[in-house]
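Take the given structure of chain A and dock chain B to it, following the hints.
Residue numbers (the working numbering), protein chains in the order written: chain A, 5 to 259; chain B, 832 to 1077.
Keep in mind that the hints were calculated from the coordinates and are not lab data. Treat each hint with caution, since some may be false.
[Claimed, not checked] Just the calculated beta-carbon pair ranges, DEER-fashion:
| # | chain 1 | residue 1 | chain 2 | residue 2 | range |
| --- | --- | --- | --- | --- | --- |
| 1 | B | I887 | A | G204 | 51 to 59 Å |
| 2 | B | G909 | A | A128 | 54 to 62 Å |
| 3 | B | V981 | A | Q240 | 52 to 60 Å |
| 4 | A | S153 | B | W968 | 23 to 31 Å |
| 5 | A | D72 | B | A876 | 21 to 29 Å |
| 6 | B | L890 | A | D72 | 31 to 39 Å |
| 7 | A | S153 | B | P921 | 52 to 60 Å |
| 8 | B | D925 | A | H85 | 44 to 52 Å |
| 9 | B | F911 | A | G74 | 54 to 62 Å |
| 10 | B | R1052 | A | D252 | 51 to 59 Å |
| 11 | B | R1052 | A | S183 | 46 to 54 Å |
Just so you know, even glycine gets a beta-carbon here, dropped at the ideal spot from N, CA and C.
Listed below, chain by chain, are the residues.
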Amino acid sequence: MSVRAMESGSSEGGTVVMSAVTKRFGSFAALKGIGLSVDRGEKIVICGPSGSGKSTLIRCINRIEKHDGGSIVVEGCLLDHRLTNIEKVRREVGMVFQSFNLFPHMTVLANCMLAPMLVRGLKAAEAEEVAISYLRRVRIADQAAKYPSQLSGGQQQRVAIARAMCMKPKIMLLDEPTSALDPEMVKEVLNTMIELAGDGMTMICVTHEMGFARQVADRVIFMDDGTIVEEGTPEQFFRQPKTQRARDFLSQVLH
Amino acid sequence: MLDFSIMADALPKLLKGAGMTGRLSILILLLGMMLAVPLAYARNAKSVWLHGPASIYILVIRGIPSLLQVFIVYYGLGQFGFVRNSVLWPIFRDPFWCVIIALGLNSAAYTAEIVAGALRQVPKGLVEAAQALGLSWLQTQRKVTIPLAVRAALPAYENEIILTIKATSLASTITLLDLTGAARLEVSNTFAPYEVFLTAGAIYFSITTSLSWLLRRLEVRLSADHRNEERSVKEFQPVLPGVPDH
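Okay, chain A solo, but in the shape it has when bound:
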């Protein structure tokens, strides 16, 4: 596929297409030639040992991290140095972080209204309506007037999901959304994510929650040492992992 075809948005194939993507941090190669195509509506779970490049991979998709080599096309838009393309991609891609990253000086409601007003140009009343509707969906609308520090970790992460949803993204990136949570709060966040998956949203999720992967994922991607080592349906991956590295990893996260 030519660069021109990719830019024009006429690309057949995925809503996210990465080819030969590389990324270095100093002398450390975090990504060593990643090729990945994600279809519209597909749910992908990325797993692998820490330091394998999973987070770096999804952070490249909305250019929170800048890749060094290869190409990334999101929703027909080639990610390069051009700010207009980056802004276009970020409008279509939502992100949920491990550490929630809610704005501490704003209420829950204000957190959710900020981007729709500044980026989508919604009026305050419209933005509030959208925000309340998503806060209701993650069952936290009653906390709308509170500040993030007054909420539990699980509640904060649900707000973060609602905040991302308020931008009505086509693609949602989730970077270990349950890793920073106390165990009793993991379930409420996972349930919210499962509901999200039911909406037909394209999801790319880095997680070690293998139960979630089994239930929701169309495809599981196993990464190690900056490369995609193995991919397949959850069924294939959990039943018959092809590589020794995947078997070792699974024996550690499954019980």
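For chain B alone, kept in the frame of chain A given last:
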């Protein structure tokens, strides 16, 4: 013993001087802040061409006594013909503006250091969250970085305000009748340095302490939205191994 009648007589003149001190302080702090924000961004920039000059400026200003800086601007610049012939001469001839320029440039260096530190304290994750939501760099600064940096900078900036108010007493060395200048004049009239200087000191003290109190209240109000005392105690508890999975 103290002669209270001298103090009472001196008070109106000293308060007039305090007015001058107030005007000087406000203008110095404004000039300082206006220069400090771009300086602070330059200081934190990756490019050597930005952070190099900013760091050198801060280093030089901090390494020279303020009194000398006042003298350089007031006595030094007039020595050059091109300054005397320029349209700016009415400004550099006037001790009022000379103090504001000298101490404003001085305050800019200290304030830049405070602002740069506060900007660096804003968690990277919050900036990433704003970017991921599609906010531009400027929107991110306006809505996330600067509001949080202001909260972080306030305690240190309070100190800078108080130091600046006290530093304006240097204006009295170049003929201005600020609070200190007015006190010196009154002493030469009354020959009662003890009473007059003590009164002036009391006025400085009441200005600085009441300002300090006001700023503390502002700080408390701004941080009311993250009351963390209770939570931070909890967070310091170690995570126990062997948690059951879910």
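query: Of the numbered hints stated previously, which ones are contradicted by the structure, given in increasing order?
result: Violated hint: only 11; rest satisfied.
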